[in-house]
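Following the hints, put chains B and C in place on chain A, whose structure we already have.
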Amino acid sequence: MSIETRRFVVNRVMGVLSGAAAALVILPLILVFGFLLYQGGTSLNLDFFTHTPKPVGEPGGGMANAIVGTLILIGLACGLGLPVGILGGLYVADSQDAHLPSVVRFLADVLNGVPSIVIGIFAYTLVVLPMRRFSALAGGVALGVIMIPIVLRTTEEIIRLVPASLREAGLALGLPKWKVTVRIVLTTARAGITTGVMVAIARIAGETAPLLFTAFGNRFWHHGLDQPIAALAIQVFAYAISPFDDWHRQAWAGALVLISIVFLVSLVARLATRDLQRQAR
Amino acid sequence: MFKVRMIARIMGSALVALLLIAASPPNSAVAQTLMNGAGATFPYPIYSKWFDEYIKVDPSVRFNYQSIGSGGGIRQITERTVDFGASDGPMTDDQLKKAPGELLHIPTVLGAVVATYNLPGNPKLQFTGELLADIFLGKVTSWDDDRIKSVNPGVRLPKTPIVIVHRSDGSGTTYIWVDYLCKVSKEWEGKVGRGTSVKWPVGLGGKGNEGVAGQVKNTPGAFGYVELAYAITNKLPAAAIRNAAGKFVEASIESTTAAAAGAASNMPADFRVSLTNAPGDSTYPIASFTWLLVYKDQPDEAKGKLLVKFLWWAIHDGQKYTADLLYAPLPMPVVKQLEAKIRQITFQGKPLLASR
Amino acid sequence: MSEADARRGGGSQAVSLPRAFFIASGRNVWGDRLFQGCLYAVIALFLAIMVGMVGALVVESLPAARRFGLSFVFGLEWDPVQESFGALPFIYGTVVSAAVGMALAVPLGIGAAIYLAEVAPFPVRAPVGFLIELLAAVPSVVYGLWGIFVLAPFLRQWVEPALGSTLGWLPLFKGPPYGVGMLAAGLILSVMTVPFIATVGREVLLAVPNTQREAALALGATSWETTRVAVLPYGRSGLIGAVLLGLGRALGETMAVTMVIGNRPEISASLFAPGYTMASVLANEFTEATSDLYLSALVEIGLLLFVVTVLVNALARLLVWTVGGAVKGIRE
Numbered sequence: 010m011s012i013e014t015r016r017f018v019v020n021r022v023m024g025v026l027s028g029a030a031a032a033l034v035i036l037p038l039i040l041v042f043g044f045l046l047y048q049g050g051t052s053l054n055l056d057f058f059t060h061t062p063k064p065v066g067e068p069g070g071g072m073a074n075a076i077v078g079t080l081i082l083i084g085l086a087c088g089l090g091l092p093v094g095i096l097g098g099l100y101v102a103d104s105q106d107a108h109l110p111s112v113v114r115f116l117a118d119v120l121n122g123v124p125s126i127v128i129g130i131f132a133y134t135l136v137v138l139p140m141r142r143f144s145a146l147a148g149g150v151a152l153g154v155i156m157i158p159i160v161l162r163t164t165e166e167i168i169r170l171v172p173a174s175l176r177e178a179g180l181a182l183g184l185p186k187w188k189v190t191v192r193i194v195l196t197t198a199r200a201g202i203t204t205g206v207m208v209a210i211a212r213i214a215g216e217t218a219p220l221l222f223t224a225f226g227n228r229f230w231h232h233g234l235d236q237p238i239a240a241l242a243i244q245v246f247a248y249a250i251s252p253f254d255d256w257h258r259q260a261w262a263g264a265l266v267l268i269s270i271v272f273l274v275s276l277v278a279r280l281a282t283r284d285l286q287r288q289a290r
Numbered sequence: 271m272f273k274v275r276m277i278a279r280i281m282g283s284a285l286v287a288l289l290l291i292a293a294s295p296p297n298s299a300v301a302q303t304l305m306n307g308a309g310a311t312f313p314y315p316i317y318s319k320w321f322d323e324y325i326k327v328d329p330s331v332r333f334n335y336q337s338i339g340s341g342g343g344i345r346q347i348t349e350r351t352v353d354f355g356a357s358d359g360p361m362t363d364d365q366l367k368k369a370p371g372e373l374l375h376i377p378t379v380l381g382a383v384v385a386t387y388n389l390p391g392n393p394k395l396q397f398t399g400e401l402l403a404d405i406f407l408g409k410v411t412s413w414d415d416d417r418i419k420s421v422n423p424g425v426r427l428p429k430t431p432i433v434i435v436h437r438s439d440g441s442g443t444t445y446i447w448v449d450y451l452c453k454v455s456k457e458w459e460g461k462v463g464r465g466t467s468v469k470w471p472v473g474l475g476g477k478g479n480e481g482v483a484g485q486v487k488n489t490p491g492a493f494g495y496v497e498l499a500y501a502i503t504n505k506l507p508a509a510a511i512r513n514a515a516g517k518f519v520e521a522s523i524e525s526t527t528a529a530a531a532g533a534a535s536n537m538p539a540d541f542r543v544s545l546t547n548a549p550g551d552s553t554y555p556i557a558s559f560t561w562l563l564v565y566k567d568q569p570d571e572a573k574g575k576l577l578v579k580f581l582w583w584a585i586h587d588g589q590k591y592t593a594d595l596l597y598a599p600l601p602m603p604v605v606k607q608l609e610a611k612i613r614q615i616t617f618q619g620k621p622l623l624a625s626r
Numbered sequence: 009m010s011e012a013d014a015r016r017g018g019g020s021q022a023v024s025l026p027r028a029f030f031i032a033s034g035r036n037v038w039g040d041r042l043f044q045g046c047l048y049a050v051i052a053l054f055l056a057i058m059v060g061m062v063g064a065l066v067v068e069s070l071p072a073a074r075r076f077g078l079s080f081v082f083g084l085e086w087d088p089v090q091e092s093f094g095a096l097p098f099i100y101g102t103v104v105s106a107a108v109g110m111a112l113a114v115p116l117g118i119g120a121a122i123y124l125a126e127v128a129p130f131p132v133r134a135p136v137g138f139l140i141e142l143l144a145a146v147p148s149v150v151y152g153l154w155g156i157f158v159l160a161p162f163l164r165q166w167v168e169p170a171l172g173s174t175l176g177w178l179p180l181f182k183g184p185p186y187g188v189g190m191l192a193a194g195l196i197l198s199v200m201t202v203p204f205i206a207t208v209g210r211e212v213l214l215a216v217p218n219t220q221r222e223a224a225l226a227l228g229a230t231s232w233e234t235t236r237v238a239v240l241p242y243g244r245s246g247l248i249g250a251v252l253l254g255l256g257r258a259l260g261e262t263m264a265v266t267m268v269i270g271n272r273p274e275i276s277a278s279l280f281a282p283g284y285t286m287a288s289v290l291a292n293e294f295t296e297a298t299s300d301l302y303l304s305a306l307v308e309i310g311l312l313l314f315v316v317t318v319l320v321n322a323l324a325r326l327l328v329w330t331v332g333g334a335v336k337g338i339r340e
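Residue numbers (this note's numbering), protein chains in the order written: chain A, 10 to 290; chain B, 271 to 626; chain C, 9 to 340.
Heads up, some of the hints might be wrong.
[To be verified] Footprint (simulated), chain B over chain A, 3 or more residues, beta carbon under 8 Å:
{"id": "1", "segment": "59 to 65"}
{"id": "2", "segment": "76 to 82"}
{"id": "3", "segment": "140 to 153"}
{"id": "4", "segment": "228 to 235"}
{"id": "5", "segment": "243 to 251"}
[Stated by the list, open to error] Listed below are several chain A residues computed to face chain B (Cβ distance under 7 Å; list not exhaustive):
{"id": "6", "residue": "L195"}
{"id": "7", "residue": "L221"}
{"id": "8", "residue": "F225"}
{"id": "9", "residue": "L280"}
{"id": "10", "residue": "A281"}
{"id": "11", "residue": "R283"}
Honestly, the hints are just simulated from the structure, not real lab data.
Backbone N, C-alpha and C fix where the C-beta goes; we use that ideal spot for every residue, glycine too.
Chain A with its partners taken away, still in its complex shape:
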């Protein structure tokens, strides 16, 4: 066939292939979501969102404390993960230092591969043992450390892609370097960084192992950030490995709520940092 036809066909084929890739990626989500809905959908009622857990067999139990606990833990984790991740990513992308940026980038990739249970044990040694008790703070530290590499690397890559012409324009107008970075570069990269943060939050929201050693879990409302706190991931795990069907259904319902929370937080964050320029393409 002629070159033009071949190019046309290749174009079409690659378009279809990429669409197929996206479809294959979504397929497991539909299967897992379907599984969760089928198994746990019936357990989602008002009680679920307003009550604390009840023993097995008793109706009306819920995961209200776990929902709030998860949100609080995410907030605490962001307190550590966002500054270190975003500023760290800025440093690695922009710095003119000789070796330190590549070392930091490499270490971030390595930290990303450390199993969350090891990070949990680290936070246990660092926070729980000196305090002699489990606490939400310890959980926040563990989750924050898990967040750092994801936020850092994503921020770095996105900032790298901000065109130099924007920076030069800012400098040419007489802005000091730090203002150029904060007001121009970060603002341009805002949407991409937000995605990185959302991906990190999605990851930590579902983590169980590190929380078992730090936040510990709590069947009741927490009494302060220096006390054990409930979390959806822990509650889902505890119910899922139990022998009772009623608790299984609640576990699946809890997983659905967890995914929905991440969805909502992500949606709000996305809309709040929208880059209207990008939509127009």
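Just chains B and C, lined up with the frame of chain A:
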């Protein structure tokens, strides 16, 4: 379009504000004490039932129990990050030495570990201890092996390979199982030994009782071991095992309690006893206590008082909740021995429990 | 230029243009210094965390390292009762399961990223993008249980027998179909890593300036050619970053893998066989480890996982360097 962004930003700020409010400690009208405990997963259902019921008995205290594993419970109580621990297997002498004070083992309920399998037609099978050991050693590999046939006369067994399923995670359930196998098979004791994690000669590992139950359910020809509750709720068969008296006994609440009753007569003072292969005609041979671990000398007087009151309630009133949740209650002789033990818990030398 | 001029700021009309530029950039030195200080403080914290973690791992694993030496890395036996520990089956399991996972996740992830950034019609982009992000939010324990109850039986009944009968002459597909095993673990890992690669990859591609695309289109390129020639090379560094993020997850994932991998510390060429990863054995046995040597051996496994992650990352970077040359600094 800017409006959407503005609304989203307001919503986001509102969410953060709400969280800050939620994060601050609630000032409850009644001063509440929170007691934390950690340990075995096996008793989680009964403990959570107890702690919820106990709020009605004493509303001033909340017991928060999390299942992180028997080893985790032992470690945390040794580190004193929790007020009490829980374990399916007794602590070793080495572990006891590491604790900053004397730790007491208080048995609370009993559990049984059953052999479960997946065969067409769900036949009722029975096994001797030696046969179980040999199957798990990999010496018997097919369901229609003569040895299995001879113990189960009249049962049609298919020519399917046996797929062993054991626990991958360290667990008290494993400890009870291999403890029993050690007692009935010298070869197992020499080759594999006992522990919460062992080097299994053959088989796949499933995570948790749930993982093993799920694996057995989904694999034709599978043969594994789970806590009784998991076999019942997953509708898996449980084999009858020949006990020390030579009788084939099925696991049930009664046969499990019988195991403890049989051992009550020479119960060691610290209750660290293995109940496997216990004497008695109606005893199920693969049974065990599960223990709460508390310090003999409590570090805090108020908390110590709350703890001993709860322990007293647990071994008396608490026992009536066991059957519904598929646990076996403590036999009366053991309860009497425990009463004396609980009276020994002190704060700076003073016994915490007022004489009853 | 005098101090007085600088302090007055660039407001004076009488100053020439280049001089005004220098004066203006002389202001706010403290702003710059403070900002740099913040960056360095954060980096110092990050390094402290890393050093602390590695340090703790090294110190805790010394007893086992001293006892077993190099035979730990190459040993094949894992016996907690006899206290004989060897890590090779776990290293093998980690590397192979991650390899299988990445082999599937990378093409699918990048393909999905291209779809979202370049190909998809506009109304479809946001919803599909969200769905893919949600995949990352599913807790790993849910993936694990879905694996046991849905994926593994599916593999055992349909996929593995089919593979065994058609491609069974390959050592990769020999052995009885259990359902659980290396293949199941690899599949679960690919499902868990793909959202990272796809989402971050999409952001990278979207950040590529439009001028690049327009230039290619102006030269007469088709959509795909534009993507291939103008967008992908520009975003290559970012895409590699996305893949490395996914790789990190694949190496360290614990819960989901341990539920479907069969947990048998054995090395086998077949994907149908059960295996065991370093993260899994750590999660399974850490809380129950009874003796100090046992604990130390487990910590050494953690340290080895660290080392494997470092090696794999270094290898990946080397590959990128040789294939295409490193991308440094700000582009335009």
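TODO: Taking the numbered hints from earlier one at a time, note which ones the structure violates and give those numbers from smallest to largest.
DONE: Of the numbered hints, just 6 does not hold.
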